[in-house]
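2 protein chains.
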Amino acid sequence: MASELDQILISYDQPDFRENLRERRKKSLLEKYQPFGTPESNQNLNLVRQIVWDVAQRGDKAVAEYTKKYDDVDLKPEEFLVSQAALEEAHKKINNDLLKSICQAIENVKKYQKEILIDKEKTPFGIKYTPIKRVGICVPGASAPLPSTVIMCAVPAQVAGVEEIVAVSPPKCNDSIHPDILAVCHELKIDKVYRIGGAQAVAALAWGTETINKVDKIVGPGNWWVQMAKREAFGYVGVDSVAGPSEVLIIANEKANPAWVAADMLSQVEHTPGLAWLLTNSKKFAAQVLDAINEQIKQLLRPDEITKSLKEYSAVVIEKNMEKLIENANDFAAEHLEIQCGDESRKIADQIENAGAIFIGDYSPVAVGDYWAGPSHTLPTGTSAKFFSALSANDFIKSTSIIEYSKEKLAESADDIIRLAEAEGLDAHARSVQIRQQK
Amino acid sequence: MASELDQILISYDQPDFRENLRERRKKSLLEKYQPFGTPESNQNLNLVRQIVWDVAQRGDKAVAEYTKKYDDVDLKPEEFLVSQAALEEAHKKINNDLLKSICQAIENVKKYQKEILIDKEKTPFGIKYTPIKRVGICVPGASAPLPSTVIMCAVPAQVAGVEEIVAVSPPKCNDSIHPDILAVCHELKIDKVYRIGGAQAVAALAWGTETINKVDKIVGPGNWWVQMAKREAFGYVGVDSVAGPSEVLIIANEKANPAWVAADMLSQVEHTPGLAWLLTNSKKFAAQVLDAINEQIKQLLRPDEITKSLKEYSAVVIEKNMEKLIENANDFAAEHLEIQCGDESRKIADQIENAGAIFIGDYSPVAVGDYWAGPSHTLPTGTSAKFFSALSANDFIKSTSIIEYSKEKLAESADDIIRLAEAEGLDAHARSVQIRQQK
Numbered sequence: 001m002a003s004e005l006d007q008i009l010i011s012y013d014q015p016d017f018r019e020n021l022r023e024r025r026k027k028s029l030l031e032k033y034q035p036f037g038t039p040e041s042n043q044n045l046n047l048v049r050q051i052v053w054d055v056a057q058r059g060d061k062a063v064a065e066y067t068k069k070y071d072d073v074d075l076k077p078e079e080f081l082v083s084q085a086a087l088e089e090a091h092k093k094i095n096n097d098l099l100k101s102i103c104q105a106i107e108n109v110k111k112y113q114k115e116i117l118i119d120k121e122k123t124p125f126g127i128k129y130t131p132i133k134r135v136g137i138c139v140p141g142a143s144a145p146l147p148s149t150v151i152m153c154a155v156p157a158q159v160a161g162v163e164e165i166v167a168v169s170p171p172k173c174n175d176s177i178h179p180d181i182l183a184v185c186h187e188l189k190i191d192k193v194y195r196i197g198g199a200q201a202v203a204a205l206a207w208g209t210e211t212i213n214k215v216d217k218i219v220g221p222g223n224w225w226v227q228m229a230k231r232e233a234f235g236y237v238g239v240d241s242v243a244g245p246s247e248v249l250i251i252a253n254e255k256a257n258p259a260w261v262a263a264d265m266l267s268q269v270e271h272t273p274g275l276a277w278l279l280t281n282s283k284k285f286a287a288q289v290l291d292a293i294n295e296q297i298k299q300l301l302r303p304d305e306i307t308k309s310l311k312e313y314s315a316v317v318i319e320k321n322m323e324k325l326i327e328n329a330n331d332f333a334a335e336h337l338e339i340q341c342g343d344e345s346r347k348i349a350d351q352i353e354n355a356g357a358i359f360i361g362d363y364s365p366v367a368v369g370d371y372w373a374g375p376s377h378t379l380p381t382g383t384s385a386k387f388f389s390a391l392s393a394n395d396f397i398k399s400t401s402i403i404e405y406s407k408e409k410l411a412e413s414a415d416d417i418i419r420l421a422e423a424e425g426l427d428a429h430a431r432s433v434q435i436r437q438q439k
Numbered sequence: 001m002a003s004e005l006d007q008i009l010i011s012y013d014q015p016d017f018r019e020n021l022r023e024r025r026k027k028s029l030l031e032k033y034q035p036f037g038t039p040e041s042n043q044n045l046n047l048v049r050q051i052v053w054d055v056a057q058r059g060d061k062a063v064a065e066y067t068k069k070y071d072d073v074d075l076k077p078e079e080f081l082v083s084q085a086a087l088e089e090a091h092k093k094i095n096n097d098l099l100k101s102i103c104q105a106i107e108n109v110k111k112y113q114k115e116i117l118i119d120k121e122k123t124p125f126g127i128k129y130t131p132i133k134r135v136g137i138c139v140p141g142a143s144a145p146l147p148s149t150v151i152m153c154a155v156p157a158q159v160a161g162v163e164e165i166v167a168v169s170p171p172k173c174n175d176s177i178h179p180d181i182l183a184v185c186h187e188l189k190i191d192k193v194y195r196i197g198g199a200q201a202v203a204a205l206a207w208g209t210e211t212i213n214k215v216d217k218i219v220g221p222g223n224w225w226v227q228m229a230k231r232e233a234f235g236y237v238g239v240d241s242v243a244g245p246s247e248v249l250i251i252a253n254e255k256a257n258p259a260w261v262a263a264d265m266l267s268q269v270e271h272t273p274g275l276a277w278l279l280t281n282s283k284k285f286a287a288q289v290l291d292a293i294n295e296q297i298k299q300l301l302r303p304d305e306i307t308k309s310l311k312e313y314s315a316v317v318i319e320k321n322m323e324k325l326i327e328n329a330n331d332f333a334a335e336h337l338e339i340q341c342g343d344e345s346r347k348i349a350d351q352i353e354n355a356g357a358i359f360i361g362d363y364s365p366v367a368v369g370d371y372w373a374g375p376s377h378t379l380p381t382g383t384s385a386k387f388f389s390a391l392s393a394n395d396f397i398k399s400t401s402i403i404e405y406s407k408e409k410l411a412e413s414a415d416d417i418i419r420l421a422e423a424e425g426l427d428a429h430a431r432s433v434q435i436r437q438q439k
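For the protein sequence lines, the chains are W and R, in the order given.
Mapping to my numbering: the first sequence position 223 is 223, numbers consecutive.
Mapping to my numbering: the second sequence position 322 is 322, numbers consecutive.
Careful, some of the hints might be misleading.
Said to hold, decoys possible - Partner residues are not named here, just some residues of chain W that face chain R (Cβ under 7 Å, in silico):
id	residue
1	Ser101
2	Glu115
3	Ser267
4	Val368
5	Lys407
6	Leu410
7	Arg419
8	Glu424
9	Asp427
10	His429
11	Val433
Said to hold, decoys possible - A short, non-exhaustive set of chain W residues, derived as facing chain R with CB atoms under 8 Å:
id	residue
12	Pro124
13	Phe234
14	Gly235
15	Glu270
16	Tyr363
17	Thr400
18	Ala423
Keep in mind that the hints were calculated from the coordinates and are not lab data.
All C-beta atoms, glycine included, are put in the ideal place defined by N, C-alpha and C.
Start from the sequences and build out the full structure, keeping to the hints where you can.
Listed below in structure tokens is the structure:
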């Protein structure tokens with residue numbers, strides 16, 4: 001077990017253990033996602049704002065300039081939109097087995113999202129649900145193409161009844177978007193796909209330009225610039241969340257398979273930065289997991305980056321009392337929470353209050369949720385599971401209150417309403433009720 | 001009918017009528033709420049950011065300094081919290097009839113919010129709902145005390161199961177908060193009430209200070225500074241919306257009572273700025289409403305401010321085709337939408353897709369919703385009803401996805417998941433599934 005990874009071992013008994021955990025998480029956020037705190041990040045955040053304002057005011061021209069500056073691609077506004085021919089070609093050329101897997105994933109997501117969608121027919125009188133009309137999806141295109149992002153954002157929207165979905169993705173693949181992403185868009189009948197990215201793409205979606213229609217809501221992952229621009233746009237459009245680095249917290253005991261737990265931790269840190277924490281009640285198990293990590297890491301494509309993510313951001317916490325581990329997991333509010341504790345796994349899941357998604361048992365690695373099971377993989381990170389939800393079809397509907405009073409009902413309540421309005425100094429409010437009581 | 005108010009009359013046939021309407025709305029936003037566009041608003045927005053960052057980093061000390069600077073009240077950090085004695089005293093001294101009305105309003109809101117709350121027991125397997133733990137409420141205190149805000153924000157949170165609710169309100173009433181607001185807080189058992197306001201209060205709630213615990217979500221109305229600070233905090237905490245001036249859009253025909261419609265328009269513009277639009281298919285009715293406005297305005301407490309709001313931001317639109325009016329109402333996405341078209345009112349309501357709240361029929365003025373009916377009066381403004389919902393108990397719960405695969409189910413799906421992960425270059429994801437297929 002002797003290895004440089006030993007430094008990720010933390011005992012729960014250490015008085016500063018929580019502080020230590022928080023610091024590790026904060027470090028990952030500070031380096032990549034913290035919006036302020038260092039002079040450099042302050043400056044960058046103001047830069048995001050300038051880009052957003054500039055695009056909101058100058059439209060396409062500004063988008064073209066920032067695309068040249070940051071993506072180093074020269075595009076005329078009429079070239080932002082990927083042609084129908086390019087979408088069709090990508091769909092024709094995609095590997096056939098991969099397309100089959102994609103289609104089945106789409107079906108799985110559709111089925112799950114339909115099940116959890118608020119039943120508009122069964123809602124009580126007094127509230128009405130309607131789908132949002134136009135949605136924009138941010139699809140990352142930097143390190144690896146992520147066609148699954150399109151599925152996990154677009155299908156919930158389609159299930160909710162969104163009429164128009166557009167996608168933006170930076171031109172990182174031969175000055176355009178990776179063909180696998182285009183193929184998935186075509187499969188989902190998304191025909192407005194723009195090869196623009198970064199803060200400029202978010203601003204274009206939020207305010208609209210000469211060639212791009214304003215949307216009502218923007219969802220999806222993206223780097224720091226995309227996330228911060230989403231925050232700038234919040235209020236002008238709906239925004240799903242502000243996402244930081246991906247993370248998994250695993251609660252496991254000796255009933256779990258250490259090699260599988262190790263593989264799950266590695267799959268999370270592979271996102272570089274990605275954060276993986278193991279909370280266990282067994283010293284022996286912790287040691288076995290670390291051994292397995294050391295063994296498996298050698299077989300991966302990017303062992304050095306992964307080792308860095310493990311050492312700097314990840315942790316293995318040992319504490320005998322399972323209740324304390326659960327309490328800590330709730331405090332942590334992880335994006336992904338795996339529970340591998342044999343028969344007790346479901347019972348522990350019942351005690352979890354804060355998590356983006358919970359993966360129960362030995363056969364539910366995060367990858368099942370990332371690609372397949374049905375819930376969206378767009379999940380709240382960095383403690384935001386305390387207030388944000390997993391993206392779902394319900395994020396693409398909105399509610400309207402319905403109020404309908406009869407003459408009699410208003411008459412019954414008139415004195416109270418008038419009294420309340422007058423107490424607030426709003427005499428015209430009071431009068432709007434009073435006038436209906438006359439004659 | 002001859003009056004300076006004639007300038008709010010717009011005919012739908014005028015080719016620029018939509019532009020004209022948009023301009024009126026924009027003007028109200030620009031003057032009071034638009035976050036950027038003018039050098040002054042750009043500068044103010046950067047100032048909001050500086051205040052927020054400063055409080056996030058220096059805590060109570062910064063809050064005290066800004067309270068001195070902007071509210072002109074000298075408070076030590078231990079004086080931010082309103083004493084238990086002051087809460088009790090306010091509750092004892094409040095007018096007894098008013099308290100009774102308040103208590104009934106609380107009951108009404110509770111009943112409605114319970115009805116529309118997502119039923120946690122009836123949700124399908126695969127999703128879990130939990131309440132948000134700590135919520136902060138912004139209560140305006142500037143022009144008039146608004147105790148109803150406390151009811152309309154706190155009761156939905158309590159119905160959802162929120163454990164801790166704190167309130168902030170600026171020290172505008174004898175260096176503290178208006179006793180009616182304190183009385184309502186005491187009635188609702190909210191014992192943490194801080195006499196701070198503005199961007200500094202929002203930042204204190206979002207990041208926490210030495211004396212104020214960080215909350216998970218911030219809701220409630222407030223002036224431009226409060227709203228912009230909420231946007232800065234979005235992502236660190238949940239935020240309900242970014243709210244602008246209050247507004248009503250009324251669809252009415254000759255079956256409606258012009259005096260009542262006039263009273264409703266006046267009750268909205270009384271918020272100064274408040275916006276009121278009437279869409280009608282009858283020239284005669286429009287003229288009657290304008291006459292009634294002229295008549296009623298004289299009897300109100302603030303006729304000059306109200307006249308300004310009417311002239312600059314409001315409109316009466318005449319168009320014979322009701323379908324066109326409805327289409328325009330959907331485009332407008334008003335905060336409050338009243339429909340006073342006799343028997344047809346419900347049918348028209350069914351065709352409304354975008355609105356914060358719909359008030360159906362002659363006896364449902366906005367004031368019924370503001371104080372009494374049950375839905376929260378915290379509603380999306382400025383077209384944001386296209387993507388935001390009326391605040392409700394459902395805004396205080398969040399969902400967690402649940403994924404639980406068996407050995408067999410994972411085996412069935414393994415090839416597909418591995419294929420999808422490998423297509424994205426995420427080999428550790430693929431391995432986390434592969435390793436569970438061995439032996």
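Hints, verified against the model:
{"no.": "1", "hint": "Ser101", "result": "4 Å, holds"}
{"no.": "2", "hint": "Glu115", "result": "5 Å, holds"}
{"no.": "3", "hint": "Ser267", "result": "4 Å, holds"}
{"no.": "4", "hint": "Val368", "result": "5 Å, holds"}
{"no.": "5", "hint": "Lys407", "result": "5 Å, holds"}
{"no.": "6", "hint": "Leu410", "result": "4 Å, holds"}
{"no.": "7", "hint": "Arg419", "result": "5 Å, holds"}
{"no.": "8", "hint": "Glu424", "result": "5 Å, holds"}
{"no.": "9", "hint": "Asp427", "result": "5 Å, holds"}
{"no.": "10", "hint": "His429", "result": "4 Å, holds"}
{"no.": "11", "hint": "Val433", "result": "5 Å, holds"}
{"no.": "12", "hint": "Pro124", "result": "5 Å, holds"}
{"no.": "13", "hint": "Phe234", "result": "5 Å, holds"}
{"no.": "14", "hint": "Gly235", "result": "3 Å, holds"}
{"no.": "15", "hint": "Glu270", "result": "4 Å, holds"}
{"no.": "16", "hint": "Tyr363", "result": "4 Å, holds"}
{"no.": "17", "hint": "Thr400", "result": "5 Å, holds"}
{"no.": "18", "hint": "Ala423", "result": "5 Å, holds"}
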